[in-house]
Every structure is written in structure tokens, then in C-alpha cells.
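Produce the entire structure from the sequences given, and follow the hints as far as they go.
So the protein lines, in turn, are chains H and P.
Numbered continuously in this note's numbering, the first sequence closes out at residue 341.
Numbered continuously in this note's numbering, the second sequence closes out at residue 268.
Rather than coming from a laboratory, the hints here were simulated on the basis of the structure.
Even for Gly, the Cβ is constructed at its ideal location relative to N, Cα and C.
A hint or two may mislead.
What the hints assert, rightly or not - Pairs of lysine to aspartate or glutamate residues, derived as DMTMM-like cross-links and limited to a Cα-Cα distance of at most 25 Å, are as follows:
{"no.": "1", "chain 1": "H", "residue 1": "K193", "chain 2": "P", "residue 2": "D136"}
{"no.": "2", "chain 1": "H", "residue 1": "K193", "chain 2": "P", "residue 2": "D229"}
{"no.": "3", "chain 1": "H", "residue 1": "K193", "chain 2": "P", "residue 2": "E206"}
{"no.": "4", "chain 1": "H", "residue 1": "K193", "chain 2": "H", "residue 2": "D273"}
To be verified - Across the chosen pairs, the derived CB separations fall in these ranges:
{"no.": "5", "chain 1": "P", "residue 1": "G201", "chain 2": "H", "residue 2": "P231", "range": "29 to 35 Å"}
{"no.": "6", "chain 1": "P", "residue 1": "P263", "chain 2": "H", "residue 2": "H139", "range": "16 to 22 Å"}
{"no.": "7", "chain 1": "P", "residue 1": "P263", "chain 2": "H", "residue 2": "E149", "range": "28 to 34 Å"}
{"no.": "8", "chain 1": "P", "residue 1": "G201", "chain 2": "H", "residue 2": "G330", "range": "24 to 30 Å"}
{"no.": "9", "chain 1": "P", "residue 1": "R233", "chain 2": "H", "residue 2": "A137", "range": "55 to 61 Å"}
{"no.": "10", "chain 1": "P", "residue 1": "V157", "chain 2": "H", "residue 2": "G330", "range": "56 to 62 Å"}
{"no.": "11", "chain 1": "P", "residue 1": "L63", "chain 2": "H", "residue 2": "A232", "range": "20 to 26 Å"}
{"no.": "12", "chain 1": "H", "residue 1": "S147", "chain 2": "P", "residue 2": "G201", "range": "28 to 34 Å"}
{"no.": "13", "chain 1": "P", "residue 1": "V93", "chain 2": "H", "residue 2": "H139", "range": "56 to 62 Å"}
{"no.": "14", "chain 1": "P", "residue 1": "S244", "chain 2": "H", "residue 2": "D194", "range": "39 to 45 Å"}
{"no.": "15", "chain 1": "P", "residue 1": "L222", "chain 2": "H", "residue 2": "D194", "range": "39 to 45 Å"}
{"no.": "16", "chain 1": "H", "residue 1": "A137", "chain 2": "P", "residue 2": "V248", "range": "39 to 45 Å"}
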Amino acid sequence: MAPAAVRLREAVALAGHFPLLAGVSFEIDEGEVALVRGPNGAGKTSLLRLCCGLLALRSGEGTVLGHDLSKDRRGVRRHVGLLGHQSLLYEELTVEENLRFALRASGSPADRAPAAVLRLGLTGRLGSTPVGRLSAGQRRRTALAVLLARDPGLWLLDEPHAGLDQEGRELLDELVAEARARGRTVLMCSHEHDRAAALSDRVIWMVGGRIVKEPVGVA
Amino acid sequence: MLRDAALVAGKDLRIELRSRVALNQVVPFAAAVVLLFGLALGPDRSVLAPAAAGLFWIAVLLSALLATQRSFAVESADGARDGLRLSGLDPAGIFLGKVGAVVAELLVLEVLLAFGVAVLYGAHLAGALVLLGSCLAASIGLGAVGIVYGAVASGLRVRETLLPLLILPVAAPVLLGATKAWDEALRGTPSHALGWLSLLAVFAVVYVAIGVVAFGPLLEDA
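Structure representation (C-alpha cells):
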């Protein structure tokens, strides 16, 4: 049996005194693709931010790829990649400069960048364009190129299809399937239910910051 | 840590070279401050020259506020700060890199302003070693204080107005020490500036040490 890539036990995360996650427990095995579903405000984005170490674990226990979420958030961050609502890129830097910075910062091999740029269709003039001048879809592709080039052990995808055209959505689906084939773990939330469900091994349902077993009343 | 610092400093300086905010806004702002002080005190160089050191360093201090705010503004767009936190870089390295970039910008600004002060105020730039030493130590001190308090304020909605309130009182020793050191150098008694240079050096070392230790938690809590 594969070891758990993500393991949470009664995980609680707060924004001030407001509970974002109110005692979440689940496990995802390495190489598994899991889809988190639930209505707005269910805690899906918070769950992804907790799993990449951007959100603090206030109580409970959690490990990501063997790194403790309470004691070793830097270790967690080295092994996860987040494709979120924001691109996490520097607007003044070009596509290639952003990629180079992300790879050097994470200690990833720099020679992965050209293949990622090529795969995401960011070659030629686009590669030397500051990200601030790109369209939303092109920024999304750049963020995806960073994720692909880093190829971390855990891919966290928050509404990954948003902002992509049809070709981009199909490419994303291919990349997720390929990541899974390489043994990467993927945790994503998407309102493109059918598309995301087709990529996933299982669905995790959330309501009010908790995992629920039955999707009753869940959008 | 030093590798991470070089990476972050290079990134920040590249962004500044690309956006030219420092060149197009900070330098003209500092020049305007020096010019306005000159206008306020009048054309009499016997009044301006003795005040040159203080006016120079007030202009540098106010410009350092802008440079610090800019250093965090580049991290606020499109979640870049989250990207930096997720990068796995050593927080101490991020701190040193951001300080290094601000110090580089301040040193360039100080060279330009020094020529401005010499021309406008008729100050004679003597005691080059003291002038350069105090510029370096004061810039490191200002950069370190700015990045520490910039991290404190970066997550707050009122950061633009709060940052000067946090930095200006703390940076008072830098303003005092640098002004006195420059004053001694400009008066032709640079050997009298050693005590003030020591103050600047101690201030810089203390705030760099505080930043190296505290920047990680500050970045998480902001």
C-alpha cells in the first residue's frame, strides 16, 4: 500500500477567530488524484492553502509528504506546488525570468524550463514578455509552466480550469494525467465538476469547513 | 542563506530596472526635497553649507521610506508574496536579499544627491572615506529597519501610512549619526566622526541580526 501523501487529523485553521477548517480528517495516498467539492465557503481553498503551508494549522495534526505541517512548513513548501486564484508571479518579470526565479528558488534543475515553456505554448515573443502584459489565460499558462517545471510531489490545483480556453483546459487535463502517471499526488477543487471528476480517483465533499460523507445539499 | 539573498536581491533589482520606479519617482522625489529645503533656507550659502549634512540625510531617510514601500509593493501584486513564501527560500535569505536591493538603490541615490548638495548648497565634499563609510553603514541600517517594519506592516490595509510612523522614530539614531559624521567630514575634521560611524555600524549590525531572526515569523504573520 502506498504511503499517505497528505494526512490530516482533526485539522483546524482559523482566520482571526473564524474557523476556516473545523476539524478536517482525511488521507490521500501518493499518486492519487482527489477532487474536493462543496459550495462556496465550504473551505476548499483553505484546505489547499493548509496543505501547502500557507495557512497555519492551529490544532490537530497534519503531514504532507512526510513533513509535519506544524513543525516543518518550509519542508512542506519545498515539495508542493500551488496553482491558485492568483498567479503568484512577478508582473514586471518576463515569463522566462519568472520561471528561472521559481526554479532557482526551489532548487529545481533549470533545464526543465524550456520544455515547460514549449509545452504551455509560451515560446517566442511570449517568453520574453513581462507577465503584467499577458492576458489572464496566458498568466494561467505561465503559472502552470512553473508548476510543471518544478514538478513537485504534491500538486494543489484551485479552480485550475478557470481562465483557460478550450485548448488550455484539455492541456491541463493531460498534464494532470501525466503527473499522476509519474506518481505525483494531485489535490484539486473545481467547479468544472464533470471534467475534474473524470481526472480524479475520488471525491472529497466539504461543507462549512468540514468533510462530509454524503453530498446532501452540496452544489 | 547567502545564495537565497543573492537570488532575491537580483530579482528585486531586476524588477526596479524594468519598472524604473526608483529612477522615475524616488530620485526626483529626493531631488525635490533637497531643492525645497534650499528654497526654504534661501540662497545664502553660508546658511546652506552648514545645514547640508542634515538636509542630505533627511532627503535620504524620506527616500528610504519610498524604497521600502516599493520593496513590499512588488510582492503584493497577484499573490507574489505567497509565491515567495512557497518558494522554499530561507526567510533570512529573503530578508538579506531585500535589504541588499534597498541598500544598492540608496547608495546610487546618495551619490546623486551628494552631487546635488555640493552644487546647490555649496558643500565641499571632503573626507571621502568617512562620507562613503557613513553612507554604507547608514544605508544598511535604514534598509534593515525598513524591511523589518515593512514586513510588520505589509499585511495591513493602512501599511502606507503606518510604515513611516514605525520607521521614522526608530531610524532617528541613523539620521543623527550619519548627519554628525557627514558634518565632521564636510568641516574637515573626519577623525572626529569615528564615534558616529561606530554608532551607525552598531545600529546596522543590530537591525540586520534582528531581521535575520525575526523576518520568518513576520512574513508568516503578515
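**Item:** Contradicted hints - numbers only
**Value:** 2 and 3
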